[in-house]
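**Student:** Chain by chain, the residues run as shown.
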Amino acid sequence: MPCKKCLKEPVFALISGEKLCRKCFNSYFERKIRKCIRQYGLIEKGDRIAVAISGGKDSSVLLSLLSGITRQMKNIEIFAILIDEGIRGYRPFTKKDAVNLCKKLGIKLYVYSFKKEFGMDLDRMVKKLKKGPCTICGIFRRYLLNKAARELRANKMAFGHNADDEAQSVVMNLFRSNNDAAARLGVVNGIKKDARFIPRIKPMYFMLEKEITAYAFINGISGKFVECPYAGSAYRGEIRNMLNDFELRHPGTKAGILSSFLETLPLLKENFMKEGGIGFCRKCGEPTSGEECMACRLLKELHS
Amino acid sequence: MKVYIEKTGKTANAKAPSVAALLKKLNINPVTVLVVKNGALVTEDAKLAENDTVKILSVVSGG
Ligand code: SF4
Ligand SMILES: [Zn+2]
Ligand SMILES: [Zn+2]
Numbered sequence: 006m007p008c009k010k011c012l013k014e015p016v017f018a019l020i021s022g023e024k025l026c027r028k029c030f031n032s033y034f035e036r037k038i039r040k041c042i043r044q045y046g047l048i049e050k051g052d053r054i055a056v057a058i059s060g061g062k063d064s065s066v067l068l069s070l071l072s073g074i075t076r077q078m079k080n081i082e083i084f085a086i087l088i089d090e091g092i093r094g095y096r097p098f099t100k101k102d103a104v105n106l107c108k109k110l111g112i113k114l115y116v117y118s119f120k121k122e123f124g125m126d127l128d129r130m131v132k133k134l135k136k137g138p139c140t141i142c143g144i145f146r147r148y149l150l151n152k153a154a155r156e157l158r159a160n161k162m163a164f165g166h167n168a169d170d171e172a173q174s175v176v177m178n179l180f181r182s183n184n185d186a187a188a189r190l191g192v193v194n195g196i197k198k199d200a201r202f203i204p205r206i207k208p209m210y211f212m213l214e215k216e217i218t219a220y221a222f223i224n225g226i227s228g229k230f231v232e233c234p235y236a237g238s239a240y241r242g243e244i245r246n247m248l249n250d251f252e253l254r255h256p257g258t259k260a261g262i263l264s265s266f267l268e269t270l271p272l273l274k275e276n277f278m279k280e281g282g283i284g285f286c287r288k289c290g291e292p293t294s295g296e297e298c299m300a301c302r303l304l305k306e307l308h309s
Numbered sequence: 249m250k251v252y253i254e255k256t257g258k259t260a261n262a263k264a265p266s267v268a269a270l271l272k273k274l275n276i277n278p279v280t281v282l283v284v285k286n287g288a289l290v291t292e293d294a295k296l297a298e299n300d301t302v303k304i305l306s307v308v309s310g311g
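From first to last, the protein sequence lines stand for chains Y and S.
In this text, residue positions in the first sequence follow the numbering used here: the first is 6, and each later residue adds one.
In this text, residue positions in the second sequence follow the numbering used here: the first is 249, and each later residue adds one.
These are computed hints drawn from the structure, not numbers from a lab.
Hints are all accurate, no fakes.
Lysine to any residue pairs mimicking SDA-like chemistry, simulated, CA-CA at most 25 angstroms apart: (1) Y:9 - S:294; (2) Y:24 - S:269; (3) Y:10 - S:288.
Chain Y with its partners taken away, still in its complex shape (with noise of 0.2 angstroms):
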């Protein structure tokens, strides 16, 4: 039922045109969020849990929710890492977000960086290597977050994506027929149960952009619009303005694509996420399908 409130003064239209007020969009948010968590099993006591942040508006609302949440949990510890990829003119103004954040929050915040990790800025990485700068961004930031949550004996790390990320995603693997990847995709996706594979979740898996980011107007979290100066792939950006199209001519459209997704993943996982199939580096012992990994094969590029 609808407040006096959410009549007069509505802030924000949910996908059913149910309009709602401040106070009942940050609990129908809120709400959302909590059943997902207990739905997927996502925290659980005893959890040591490392937040990927980035000072984006995703990572900061995840942050500052799951504080309030497992503040009220017992036996649970937070905690965030930031991975420095060293962009001029982006990465420096949302670690300060990030920091100022952590501070407010009152939550530790480990700081891992490119160029003290590998010996060079992304900005250098890019120039020397024939590769896409996200490719290269990715190799590496996953590689350091693994390493940093391992370091820091995380049990699992959560991620701000948001449902407008994932349906991406599951088009994306969908149009280039590469179930291996879809097959990763997910709430949770740990790949198998190992001590080197550290589960990782999203909370916010159901949450779409435009909530998110109204979500953090209302609540003053972060503020600035940066942009990468890299800007992402440029076939994600094709299929994003698409679903964007699809979502506005057709509500739900984005919604749709997770629910069907998630019904067929427990297939997509058995049969492309064969157990045997994945080993570790033998380089630096990180999880990788080759005999070395990818980041490991990219340092030695870089390197040479």
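Got chain Y sorted already, so can you dock chain S with the ligands onto it with the hints?
**Tutor:** Relative to the frame of chain Y, chain S with the ligands by itself:
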């Protein structure tokens, strides 16, 4: 009225009776933005007047 568009960092002058009409005029897909009127978040059916200050926020994450 004055309309600030966050994505481009530009301010435009436009006239429209409602948020929905404004977005249509500016050729912006409402799915991709939030609209702030005089400092408060509003829905698409919100009415607009000449002396309102409008901000259009992008909801797309920046990498
Ligand atoms: S847009 Fe690309 S380069 Fe920039 S942070 Fe994201 S993945 Fe890295
Ligand atoms: Zn209300
Ligand atoms: Zn390796």
